[in-house]
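A.B. asks: Spelled out from the first residue to the last, the chains are:
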Amino acid sequence: MSEASTKSCCSSDSSCCGAANTIAKLLLPIGLVGLGLAVLGLILGLVNHDARPVISWLLGLAFWLTVLLGSLFMVLLFNLFDAGWAVIARRQLEHLIGGFRWVALLFVPLLAITWFYSDPGILWKWMNPDHMLPSGHTVSHDVLYESKAIFLNRFSFTLQAFIFFGAFIFFAEMLRKHSFAMDRDGDTAHVSAMRKLSALGIFVCALSLTFAAINWFMSLEYHWFSTMYGVWFFAGSMRSAIAVLLIILYFQSTKGSLKGIHNESHNYLLGCMALAFTVFWAYISFSQYFLIYQANIPEETFWYQIRHVNVDGSTNSWWWVGLCLIFFHFLVPFLFLLFYKTKVKVKLILFVAIWILVFHLVDLYFNILPSKIAPADNILNYDVRQFSVTFWDLSMIVGVGGIVLWAYRKSLSKNSPIPLRDPRVNESIHCHE
Amino acid sequence: MPATDNNTFGIAATFRTAPDVYHACEKVRDAGYTRWDSYTPFPIHGIHHAMGLKRSKVPIFTFLGGVTGFLTGLSIVAYMNFNYPLIVGGKPYFSPVFPFPIFYELTILLAAFGTLGGMFILNRLPRHHHPLFDYEPFLKTSDDTFMIVIESTDPTFNEDKVRAVLGEAGGEDISIIQAED
Numbered sequence: 001m002s003e004a005s006t007k008s009c010c011s012s013d014s015s016c017c018g019a020a021n022t023i024a025k026l027l028l029p030i031g032l033v034g035l036g037l038a039v040l041g042l043i044l045g046l047v048n049h050d051a052r053p054v055i056s057w058l059l060g061l062a063f064w065l066t067v068l069l070g071s072l073f074m075v076l077l078f079n080l081f082d083a084g085w086a087v088i089a090r091r092q093l094e095h096l097i098g099g100f101r102w103v104a105l106l107f108v109p110l111l112a113i114t115w116f117y118s119d120p121g122i123l124w125k126w127m128n129p130d131h132m133l134p135s136g137h138t139v140s141h142d143v144l145y146e147s148k149a150i151f152l153n154r155f156s157f158t159l160q161a162f163i164f165f166g167a168f169i170f171f172a173e174m175l176r177k178h179s180f181a182m183d184r185d186g187d188t189a190h191v192s193a194m195r196k197l198s199a200l201g202i203f204v205c206a207l208s209l210t211f212a213a214i215n216w217f218m219s220l221e222y223h224w225f226s227t228m229y230g231v232w233f234f235a236g237s238m239r240s241a242i243a244v245l246l247i248i249l250y251f252q253s254t255k256g257s258l259k260g261i262h263n264e265s266h267n268y269l270l271g272c273m274a275l276a277f278t279v280f281w282a283y284i285s286f287s288q289y290f291l292i293y294q295a296n297i298p299e300e301t302f303w304y305q306i307r308h309v310n311v312d313g314s315t316n317s318w319w320w321v322g323l324c325l326i327f328f329h330f331l332v333p334f335l336f337l338l339f340y341k342t343k344v345k346v347k348l349i350l351f352v353a354i355w356i357l358v359f360h361l362v363d364l365y366f367n368i369l370p371s372k373i374a375p376a377d378n379i380l381n382y383d384v385r386q387f388s389v390t391f392w393d394l395s396m397i398v399g400v401g402g403i404v405l406w407a408y409r410k411s412l413s414k415n416s417p418i419p420l421r422d423p424r425v426n427e428s429i430h431c432h433e
Numbered sequence: 001m002p003a004t005d006n007n008t009f010g011i012a013a014t015f016r017t018a019p020d021v022y023h024a025c026e027k028v029r030d031a032g033y034t035r036w037d038s039y040t041p042f043p044i045h046g047i048h049h050a051m052g053l054k055r056s057k058v059p060i061f062t063f064l065g066g067v068t069g070f071l072t073g074l075s076i077v078a079y080m081n082f083n084y085p086l087i088v089g090g091k092p093y094f095s096p097v098f099p100f101p102i103f104y105e106l107t108i109l110l111a112a113f114g115t116l117g118g119m120f121i122l123n124r125l126p127r128h129h130h131p132l133f134d135y136e137p138f139l140k141t142s143d144d145t146f147m148i149v150i151e152s153t154d155p156t157f158n159e160d161k162v163r164a165v166l167g168e169a170g171g172e173d174i175s176i177i178q179a180e181d
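Protein chains in written order, with our numbering: chain X, 1 to 433; chain P, 1 to 181.
Calculated directly from the structure, the hints in this document are not laboratory data.
Computed from a predicted model, the values in this text were never measured in an experiment.
Do not take every clue at face value.
Derived PhoX-like pairs (lysine-lysine); straight-line CA-CA distance at most 20 Å [said to hold, decoys possible]: (1) K341/X <-> K57/P; (2) K54/P <-> K345/X; (3) K54/P <-> K341/X; (4) K259/X <-> K347/X; (5) K414/X <-> K255/X; (6) K255/X <-> K347/X; (7) K410/X <-> K177/X.
Chain P stretches covered by chain X per the calculated footprint, using a threshold of three residues with CB under 8 Å from any CB of chain X [claimed, not checked]: (8) 44-55; (9) 95-105.
Even for Gly, the Cβ is constructed at its ideal location relative to N, Cα and C.
Generate coordinates for the entire structure from the input sequences, incorporating the hints supplied.
C.D. replies: Written out as C-alpha cells, the structure is:
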C-alpha cells in the first residue's frame with residue numbers, strides 16, 4: 001500500500017534504533033582507521049620491498065570492488081528487464097553503488113606505485129623489465145611478455161584503469177541520478193532513460209569488468225592464459241553483491257525503514273538468485289580447471305600447479321584452500337539454498353549470505369595471492385607464496401568496507417529508502433513468489 | 001436415503017467473487033477436510049495458505065532423480081574405465097575431473113525426469129476424463145465463477161455436513177457431482 005510506504009519513509013531517518021545509529025556513525029571512523037593502518041602497511045611494504053602488504057591493499061580493494069560491481073550489474077539488469085519485484089531491492093543497491101568513487105580513489109596509490117616506486121613490479125611483476133623470473137631471465141627478455149606487451153604495458157594499464165572506473169562511476173551515478181530524480185518529480189520518463197542507459201551500460205560494464213579482472217588480478221601471473229577469468233570474476237561479484245544485499249535487507253527490514261515492506265517473497269527470489277549464481281560460479285570455476293586439465297599445456301597448468309604443490313612436489317597450503325572452495329564455497333551453500341525454508345527464513349538466509357561472503361574472500365585469496373617467487377640466489381627454482389591472512393589484509397578489508405558502507409548510509413540519509421514514485425513500486429511491495 | 005451413495009464424486013458449491021472463495025477456503029480448511037479443491041478462473045495470491053496446502057513433494061523426486069543420475073554417471077565411467085582400461089591423454093583411469101560432464105549431465109537429465117515423473121505421480125496423471133467435466137456450471141470456472149468441490153473420498157465426508165459447511169461458507173448452487181459410471 002502506498003500509505004504504508006509513505007509512513008515508513010517519513011520516519012526512515014529517525015526510526016532506526018539507537019544501536020544501528022551508533023554503528024552508522026562509527027562507519028566513517030572505522031573506515032578511516034582501517035585505511036590508516038592499511039596505508040601504514042603499504043608504506044612498510046614499500047620501504048622493506050615486501051610485496052605482501054601491497055597485495056593486502058589490492059585484496060581489500062578487490063573484495064569491495066566485487067561487491068560494488070555485482071551491485072551495479074544487478075541495477076543494470078533490473079532496469080533492463082523492468083523487474084517489478086526488485087524495485088525495493090534495487091534502491092538499496094543504488095545507495096550502495098554510490099561508493100564507487102571512493103574505491104576508485106583508493107586504487108590510485110596502486111597506480112602511483114607502478115609509476116613512481118623504485119620497483120614498479122612489486123605487485124604486477126611485468127611492470128618491472130628487470131624483474132628476475134624463475135626461468136633465469138628478466139621480464140624484458142621474456143618471450144611471453146614480449147608477445148603480450150602490446151596489451152600489458154604501464155601506459156595502457158593506467159589508461160584502462162581510468163576508463164574502467166570512469167565507466168563504472170558514470171553508469172552508477174547516472175542511474176542513481178535518474179532514480180532519485182524520479183522520487184522528486186515522479187516523471188516516468190526516467191524509467192525509459194534508465195533502461196536505455198542500462199542497455200548501453202551492460203555492454204560497456206561487462207567489457208570493463210572483464211578487462212579490469214584481466215589487468216588487475218589475472219596479470220599478477222601474466223604467463224597464464226584463461227578465457228574464463230573475466231566470467232569467474234563476474235560470478236564472484238554477483239555472489240558477493242547478492243550476499244551483501246541480503247544482509248542490508250535483513251537490517252533494513254528488522255531495524256530500519258523497510259519494516260513490513262521487505263518480506264519473505266523478496267528473500268525467496270533473492271535466495272533463488274544466490275542459488276543460481278552459486279551454481280554459475282561453480283560451473284565457471286570448474287570449467288576453467290577442467291579445460292586446463294584436459295588440454296594439459298604447461299603455460300596454463302602451472303597456475304593450478306602452484307596452487308597444489310611446491311616446486312619439490314610437496315602439497316602446499318593452497319591445495320587445502322582449493323578443496324575448501326569446492327566444498328564450502330560451492331557444495332554447502334548449494335545444498336543449503338536448495339531448500340525452500342532456507343530462502344524464506346530470514347535468519348537462515350542471513351547465515352548463508354555471511355557464509356558466501358566469507359568464502360568469496362577465500363576465493364579472492366586463492367586467485368590473487370599465490371605467485372611464483374624467484375629466490376635471488378637460485379635460478380630455475382621458485383617458491384610459492386603461501387596462504388596467510390595478515391593484519392594488513394584485515395585492516396584494508398575493514399577500512400574499505402567502512403568507507404563503502406558509510407557512503408551507503410550517506411546516500412540513504414539523503415534519499416528515500418524506497419523509490420516511492422517508481423511505477424512498479426506497488427508491484428514490488430505486493431510481490432508474491 | 002443413504003448419506004452418500006457409491007456413485008458420488010463430491011459436492012460442489014459456486015462462489016461469485018475471489019474474496020468469497022478465499023474465505024470459504026479458509027472455512028473448509030478449518031472444518032478439517034483434506035480431499036478437496038478450489039477452482040478459479042485466475043490465480044489468487046495466497047490461496048494456498050487459505051486452503052492449508054503444504055509445499056509440493058515434487059522436489060523429493062527431483063532430488064532422488066539427481067542423485068540417481070550422478071551415481072549412474074559415476075558407475076558408468078568407473079565400470080567402463082576399469083573393465084576396458086585405456087590411457088587417453090595421459091589421464092588416470094579414474095578421476096572426478098575428466099568425466100565430470102558425464103556425471104553432471106546425467107544428474108540434470110535424471111533430475112528433470114524425476115521432476116516430470118514426480119509431477120505426474122503426485123497429480124495422478126495421465127487422466128483423460130474427470131467427473132467435473134460433466135457438471136455444466138464447472139465450465140464457468142474458466143470464465144467468471146469460483147468453485148469449491150469437496151470429494152467423497154475425504155475420510156470425514158458426510159453429505160449433510162458438507163452441504164452445511166459449504167452453505168455456511170457462502171456457497172451457492174450446492175450440488176452433488178456424479179462419479180463416472
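A.B. asks: Going through the numbered hints above, which ones does this structure break? Give me the numbers in ascending order.
C.D. replies: none
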